[in-house]
Amino acid sequence: MDYLLEINNVVKTYQNYTALNGVSLKIPKGSVFGLLGPNGAGKTSLLRIINQITTPDSGTLYLDGEKLAAKHIGQIGYLPEERGLYTSMKIGEQALYLAQLKGLSKVEAKKRLHYWFDKFDIAPWWNKKIGELSKGMAQKVQFIVTVLHQPKLLIFDEPFSGFDPINVQTIAKEILQLRDKGATIIFSTHRMESVEEMCDEIALINKSNKILDGKLNDIKRQFKTNTFQVGLKTVEFLEVERYLKDNFDTFPANFKLVEDCLSLNIKLNKNQSANDLLQYLMSKGEVQHFVELIPSANEIFIKAVNND
Amino acid sequence: MRKLSLIIKREFFAKIRNKSFVIMTFLSPIIFVGMGFLIYFLNQENDQNAKKILFVDESTIFSEEDFKNTTSIQFTDFSGFGIEFAKEKVVQNDYFGVLYIPKSNKPKEIAKAVTFYTNDTPSFELTKVLERYVEKKLQNKTLESFGLDLQSMITSKIEANLKIVDFSGEETSRLLAGLKIGIGAVAGYLLMMFVIIYGTSVMRSVLEEKTSRIVEVIVSSVKPFQLMLGKIIGNAGAGLLQFTIWGFLLFFILSILSASLGVDMFEIQSSRFPQAPLEMANNIANPSEMQLLFKEIVRLPIFKLFMLFIFYFFGGFMLYSSFFASIGAAVDSETDTQQFVLPVILPLIVAVYIGFAIVIHQPNGLVSTIFSHIPFTAPVVMLMRVPFGVSWWEILISMLILLVSFIFMVWLAAKIYGVGILMYGKKTTYKDLYNWLKYNCF
Numbered sequence: 001m002d003y004l005l006e007i008n009n010v011v012k013t014y015q016n017y018t019a020l021n022g023v024s025l026k027i028p029k030g031s032v033f034g035l036l037g038p039n040g041a042g043k044t045s046l047l048r049i050i051n052q053i054t055t056p057d058s059g060t061l062y063l064d065g066e067k068l069a070a071k072h073i074g075q076i077g078y079l080p081e082e083r084g085l086y087t088s089m090k091i092g093e094q095a096l097y098l099a100q101l102k103g104l105s106k107v108e109a110k111k112r113l114h115y116w117f118d119k120f121d122i123a124p125w126w127n128k129k130i131g132e133l134s135k136g137m138a139q140k141v142q143f144i145v146t147v148l149h150q151p152k153l154l155i156f157d158e159p160f161s162g163f164d165p166i167n168v169q170t171i172a173k174e175i176l177q178l179r180d181k182g183a184t185i186i187f188s189t190h191r192m193e194s195v196e197e198m199c200d201e202i203a204l205i206n207k208s209n210k211i212l213d214g215k216l217n218d219i220k221r222q223f224k225t226n227t228f229q230v231g232l233k234t235v236e237f238l239e240v241e242r243y244l245k246d247n248f249d250t251f252p253a254n255f256k257l258v259e260d261c262l263s264l265n266i267k268l269n270k271n272q273s274a275n276d277l278l279q280y281l282m283s284k285g286e287v288q289h290f291v292e293l294i295p296s297a298n299e300i301f302i303k304a305v306n307n308d
Numbered sequence: 309m310r311k312l313s314l315i316i317k318r319e320f321f322a323k324i325r326n327k328s329f330v331i332m333t334f335l336s337p338i339i340f341v342g343m344g345f346l347i348y349f350l351n352q353e354n355d356q357n358a359k360k361i362l363f364v365d366e367s368t369i370f371s372e373e374d375f376k377n378t379t380s381i382q383f384t385d386f387s388g389f390g391i392e393f394a395k396e397k398v399v400q401n402d403y404f405g406v407l408y409i410p411k412s413n414k415p416k417e418i419a420k421a422v423t424f425y426t427n428d429t430p431s432f433e434l435t436k437v438l439e440r441y442v443e444k445k446l447q448n449k450t451l452e453s454f455g456l457d458l459q460s461m462i463t464s465k466i467e468a469n470l471k472i473v474d475f476s477g478e479e480t481s482r483l484l485a486g487l488k489i490g491i492g493a494v495a496g497y498l499l500m501m502f503v504i505i506y507g508t509s510v511m512r513s514v515l516e517e518k519t520s521r522i523v524e525v526i527v528s529s530v531k532p533f534q535l536m537l538g539k540i541i542g543n544a545g546a547g548l549l550q551f552t553i554w555g556f557l558l559f560f561i562l563s564i565l566s567a568s569l570g571v572d573m574f575e576i577q578s579s580r581f582p583q584a585p586l587e588m589a590n591n592i593a594n595p596s597e598m599q600l601l602f603k604e605i606v607r608l609p610i611f612k613l614f615m616l617f618i619f620y621f622f623g624g625f626m627l628y629s630s631f632f633a634s635i636g637a638a639v640d641s642e643t644d645t646q647q648f649v650l651p652v653i654l655p656l657i658v659a660v661y662i663g664f665a666i667v668i669h670q671p672n673g674l675v676s677t678i679f680s681h682i683p684f685t686a687p688v689v690m691l692m693r694v695p696f697g698v699s700w701w702e703i704l705i706s707m708l709i710l711l712v713s714f715i716f717m718v719w720l721a722a723k724i725y726g727v728g729i730l731m732y733g734k735k736t737t738y739k740d741l742y743n744w745l746k747y748n749c750f
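First to last, the protein sequences are chains A and B. Anchor point for the first sequence: position 84 equals 84 in my numbering, and the numbering is continuous, going up by one each time. In my numbering, each number is its position in the second sequence, counted from 1, plus 308.
If you are wondering where the hints come from, they were derived from the structure by calculation, not from laboratory data. Since the model is a prediction, treat every value here as computed from it, not as a measurement. Do not take every clue at face value.
Calculated cross-link-like contacts (lysine-lysine; reagent style DSBU-like; alpha-carbon spacing at most 30 Å) [as the list claims (entries may be wrong)]:
id, chain 1, residue 1, chain 2, residue 2
1, A, K67, A, K119
2, A, K29, B, K531
3, A, K71, B, K311
Bound-form chain B, shown alone (with noise of 0.2 Å):
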């Protein structure tokens, strides 16, 4: 144990003494940032160079009220004109387009027939914003024509708010799924993260002990397996100091530049990931919905939730790390390493696929429930899935699957690992690998 320590604390302090470790911690968070801001505010300067936008009406049903400026359109009546003036127009690049809705009273057939022209290709939002316009004028002139009264239409609107009761009986919130969505996809995402940049890290450091031929030296003192460990456990210990070192630094940079420029980071940042269980939120959010939001949030099992992810996240790291512990020490060189750490990497990628694709929609369809039990991918689709409630002994039958193969693929590494870190000047391949597993190292 004396040993285990010391060889963590070492691997600990190389990491985090390493300049470009310390640069990168720093530094990650500022461009982060400034990423954000960038966006931010190229965004805002596209939003000021509003579109200008001519109309032509010869249907006469139009007015300028039924066209809204907004800050990225504005609209000009051309109707005067004629639709080839108007052409013209923009044809020598003073407006954006042209929107021309022809002679007729029969909104049907106007529908069919309203043409915008234009040289350029207008967003997939313009148009819809045209036609919004559009559809608006045209159903409250149908519904006129019908006799009806469009006041009283307005007012007798009703907006259904569907509440959710769980069984408990609690009211529970819509916005809720939308919140364990995003735990879930952060959770998944960051485990993805940090197995690649801290699994890729332990790999380095086995491949610095073998290059600087140090290892023999060291393995006549500790087992291999004791340094293997050694090393996942203190590169792991690193990561995690840089994660919470970003995580702190984020909140403080984006809490000054939200208190000095007014403007809410928080939210620049969250608009980066455009998600519609969000959007869903913004529309339909009310003070009482927030309060009861509030409420679930609370009530959410934060302590299991927590323990969960430690776990997973853990057990995640550990074994995608002992592959790449071992990928070290098969090779002589970080050249050599591509072609073992692609099929590596290869789950990893497929369980945040379908973490996003599938367990979001479906938490607890067949392929979620499949793939959270599958050891190489269970980390990330049951750290998406816990969120939304998956029954105890699901959990238990994972995580039992996922500390049966990581002790047996701990224990296979590091064979590979034992035989590797002492096998100089010969490229190894898969069949190597497979021999390797048969000696009798320790």
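Just chain A, with the same shape it has in the complex (with noise of 0.2 Å):
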């Protein structure tokens, strides 16, 4: 697979505390990656090394197959987490002064900055102060300054915090198009459901070290106990229920029927196939829910960082 960024094995300490103890990371071209982690786990460290805020005290990282460089500034764009505006500057001026720091011309900049301020219904918000602008709005401004230079790679820290559902849908929505235009995006949250819903890869910082790392669904693949919700509409409620305590690991179902069922979550032993399972049930009376528990991002995330 092509990777658009590689770290390999970064290490950086500040005082008597290890931030990054020696994470490496593979991120594939054109994806969504998801970085998380608990709070102060070493994600926004690694962010800014990755921006060259700051440097690792070892390992290294290479972007695009090129050593990553000073050069290379222009083509990242970064949202960071602490983000805001000049509050003595119009918006206008200051996303043009911002995006002309990326390297972009006056005149391109103004033209780029046209068009997204049109898409995003902020035009007339130009010379406005930063004061006169709600949260939300600020926060598109910043999106807008993070994506003007069309970066190879950006890297969004918390991009939804601030915002309402609908500015949420909007913003999620721009990222997806911007990876299937070809970016590669870096996505930093806490927000699990959007991880779900964005991210095509992911890696979970605990501590300073990388404790998991991979595509969503072989994580989930992973992470699930093959336990099965079921639910049967069956004359042999007892029977039925006596031989499924019998013969497999059952718990109690922790999920809501319409009709009037049996219903349990099932575990399956490495003996046992779901397929054997559902013949039985068919066996003997109609079956109404039969499906695989999978792990939610956040169960996931939740269980790795508590088995750390």
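Build the complex: two chains, separate frames, hints provided.
Next comes the structure, spelled out in structure tokens:
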């Protein structure tokens, strides 16, 4: 697979505290890569190293096959978690300034800014100052400035904070569109539902170490426990229940069904197959519900961190 | 380079578009002139209320002619009424005081016993004037008693006027010393003002980026060092613009006022800074001396002075403002800056003190030489020394030390800056600053 960013064995220490302890990651081109981890795990330290705001004590980074260097700054767009705008400058002016700092010419920056301002319906705010804007609008301006120079690599640290659900949808849509156009996206967040929705791959960092990474589906497969939710409409209620409890690991149901059913969570062991279970159930009544329990990103997160 | 110039431009325009900057730029010269005016007219008012003084002469040596009235003192002879009556008049507040000359025919005795009765505290100048009047009369009286002719004494008086010639054989003007002190003092003082005003402005600008949380967005595009440098240069530019406008406006306002009021406003301004050399200059100024002075001014190494001024001015400003920048980066709010600002300003104040107390008297003395090589005081002290003539190798060493320490200090400050701008919510201590220096940040 083709990787846009390769991070090899990065170490970063501050005084008596290790922020990153030999972290390695590979971020595939054209993917949305979720960088997850509890507060203080070292995510921001890593993002700052990728943006060359700080340098690692040891370890190497490669962007598109080249060793990460100052010339790559223009190929990266970074929306930090701690973000803001100048209070004393007009919105349009500072967007223009930030775009020029990323290497765009004034004319080109202006053209692109007008496109995005129109797209987000904030064109009338060009000459306003930040104090006159709602938080959501300011966030939109920051998003625009991040993506304006069409970087290969986009890094969003908690991009949805401060947005209402409608704006979250707008921004999420834009991020996925940027990916479809070829950008690679690193997405750092605590909001697990957006991870499910957007990420192709994830990495989990806890206490300065990477504890998990890979395709989201692979990880889910790795974390699933072969447990099925079962709902059966049957006249032999007690008999079936006893048979299931004797032959399988069962747990009380934690789901609700419309019909009055025998409902259970059933965990299969290595020698048991889902088909055998289903066949037995079908022979005893009408199967109303038969679903494999797939762990959510949230459950994986909590489990992985607690086990670490 | 392009990024640096973008930052400089933004800083410059953000600064000069600031309302308070615009207001201060145009208001300050008016306030300055207004203050000068006020002091001048208050002085005039003071002078118009001449002090009324009585004198009671029991020795009969003195007459009204010996006590000449001036604009500030008016004498009235009360010898006929006696000292007690005169004292009463003073107590009733009709008069400021009474000068009592006791009965005696020995000038030395009179000189010892002469008394001034007053309810008020007479100024130093007033007592001097009274003493001079009494001394002059008594001295003449003594000379007369020796049988000397007073008139021939006056005509025999000879005033020596020392000509000063340097080894190039050119005659130099004594007034030049005053001028040199003036140039040095103005340069040193300007630098101090500039550093304090625009250094804190750099600090505030850093703090603004930090509190508005835009700084991380910016340092993802530019190196913190570039950002810091851009801020310093941008603010220096705005400062120079403001200083230049102040200069022009002051000159303009003073010219208009001089022309329309017939008052020499330039004199008002200079009279606010009592300077011994100027007084000296007034005493000895005569046409040929003035010509000589003019020749000297033309001969001053203006170009060299100007270039050194630029070097030390910018060297000093850069050195200090990089510290101000790192203070801005280290703290979270302006109230926290105090503990760090004082130690930074202190050497600057020391430099100005040394400049005014020592350098102007002994421009090439040991203390002056030492402090003009210490990088923190060198910009001010050397600027004050330069007009007096400093050997080129000494200037070179001082410039070299300043340059090296400037690069080192800016690197140090940039390190603190680079770490500090991304630190939030923690009150920074000196220990933290020391630890930050060890971080591997860029």
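Against which earlier hints does the structure fall short, listed by number upward?
1
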